[in-house]
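A.B. asks: Sequence order for the protein chains is Z and E.
So the first sequence is residues 1 to 262, counted in my numbering.
So the second sequence is residues 1 to 412, counted in my numbering.
I should point out that these hints are in silico values taken from the structure, not numbers from a laboratory.
Treat each hint with caution, since some may be false.
Selected chain Z positions facing chain E (in silico; Cβ < 8 Å) [what the hints assert, rightly or not]:
(1) Val63
(2) Val68
(3) Thr69
(4) Gly70
(5) Arg90
(6) Arg91
(7) Gly94
(8) Lys99
(9) Asn101
(10) Pro104
(11) Tyr108
(12) Phe120
(13) Lys146
(14) Thr165
Glycine included, every Cβ here is placed at the ideal spot set by N, Cα and C.
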Amino acid sequence: MENIQTPEIAIETKNLFIFYGSFAAVSEVNMKIEKQKVTAIIGPSGCGKSTLIRAFNRMNDFVPSSYVTGEILLQGQNLYGRDIDPVEVRRKIGMVFQKPNPFPKSIYENIAWGANINGFKGNMDELVEQSLRGAALWDEVKDKLKKSAYELSGGQQQRLCIARTIAIQPEIILMDEPASALDPISTLRIEELMQELKKNYTIIIVTHNMQQAARVSDYTAMMMLEKDGSRSGTVIEFSETKKIFTNPKDKRTEDYVTGRFG
Amino acid sequence: MNPKRDHYPEGEALHYSLNRRYRRASIWQTLFFSALVIAILSLAALLYNVIDGAFGYVAFEYKNDPSEFSAKPLDDLSKQELLDILKANLSSGAFTKLENEKPMDTRSKSVLYTLLLERLIQIDTKQTWSMTDSIFRSAKIKAEVAEKYPEAKLEFRSWLTPVFLTTPMSSKAEFAGVRTAILGSLWMVGIAILFALPIGTGAAIYLQEYASKNFLTRIIQTNINNLAGVPSIVYGMLGLAIFVRALEPFTSGSLFGVTDSNGRTILSAGLTMGTLVLPLIIINAQEAIKSVPDSLRQAAFGVGATRWQTVWHHVLPNALPGILTGSILAVSRAIGETAPLIVVGASTFISIDPDGPFSKFTALPIQIYQWTTRAQSEFHSIAAAAIIVLLILLLTLNATAILLRNRVQRKY
């Protein structure tokens, strides 16, 4: 008997175009991203990876003149629908940025603030501990919760940012090159952490580093500029990471992952 | 060998080229250094000029002989003795009036001494000399005084005294003080900041965080920048038209039951100054808000904060030191402005302390301006003393604001 259980979809894009003014930075993306898996987006610089991932929690709204056509569906609901509040989207879809950006507050407050503004009513100490444990940071900081987050190392700061994100209990965590500013050991810890996190969360990660994509992700989306010279990026291939790296369908993917391009 | 290498100087030529570069650099360095020296010299000249006027010899005569009032030398009199002399020699009406202003026995000895000089002995100042003259030409001055004013006493005096700070205005330079003016200046700056800081910060937040960048906001931005450079007298006219005339019921306090004043109050002056410094505060607050890194805003938005929560919890606290620095500059500008106050209607002679926003007022620059226009040299001396007071007041306010800023600055 074949396994007929269809994979659960966390988020889905339908014919998605992202524009800056009249320029389509990303065009025609159709992806179904599976729940509790790590999906990596790879591709050369300037192909729209960050633009795409920022569209998932409407961070592009802050770029003047940017807009989106098509749909991004979270549980069947279009995130760009008329009655959708972007603030609500960002609570459900958290984001970890390229450079660690903790708040200039204490470690404790870094986590508590997001919970507070979203109206968290439970036990805050418990939430802080759980979130820090979830980000594999608790043992390192439990004795200095009142200390400034800026006293932590870069890798610890990035894990604090992850803890801050899981404290608001999102459904999806977006990571925009989360390890590109970190040393190899901190990078490894973040990668290990992602394996833990995917038990509870769906993770989408943008990375420059193909080995990293191969190590951490279950699915990989390969982005490239369109061949027609429009400088517009699109997903040229999206499938299981194993397939992308061992048996790519597209010649351009093969060139890229084998190092003959980019 | 790389053929391009031939195009670069080597050996002697390199040495020559380097020397030329160093020479050129040192010329610029000298120019910049001399600019600094010129700046320091002009500041020193200013300070010297002010201090020179505030200290020095003064030749004066007593109109009434002190021995008529007291057998002892005046300096040796105790407070009680001074009080007795005043009581015995002043008319009872004048004494009661003084008593009503402030009970005589609560006044300090130096105040009573001043009263004795002012009311009974009465001083006639003949001439004053600058500090430099007093130090280097003291023999000549003494000879001159002995010849021209045989009756006069010659005394080296500091015009800046504690009494000068604590007495109100008087028509005689020897007894005039700057208390009323200091209080007026403080009231005015206080009102100006209370008015301009919240509005300016609010406008800056709106322009920086909310307004979309379009043609209209660019026009507004340009206008704010231009307003910061508008001559202050223009703001004086604005204040006269709006605060003194149009809003008279409000600024005179008649809306609040104050009956004895017109629109030329300290409130009008403060609001005018507030308008004057508003563009300055907006521009500085905008710069401060701009300097808050975008990554911090993204972090806040990323955990589901609204625009306002992001601004209130992150942007504003991190911009606060810069905003306070801006308000320091604003205070410095406001406290030294004279022209708008003249237009708005500062009183040049007033001896009653301002006791609220609806009082008539004077301010330090007004007082200084008024004294420097007088013919008698003793008024020039007290003007110099008042300038020192103004400078010290300015430095104190700045220091307070800097301390405040450093306290706010987060140590993260």
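A.B. asks: Under the constraints set out in the numbered hints, which ones does this structure not fulfil?
C.D. replies: 1, 2, 3, 4, 11, 12 and 13
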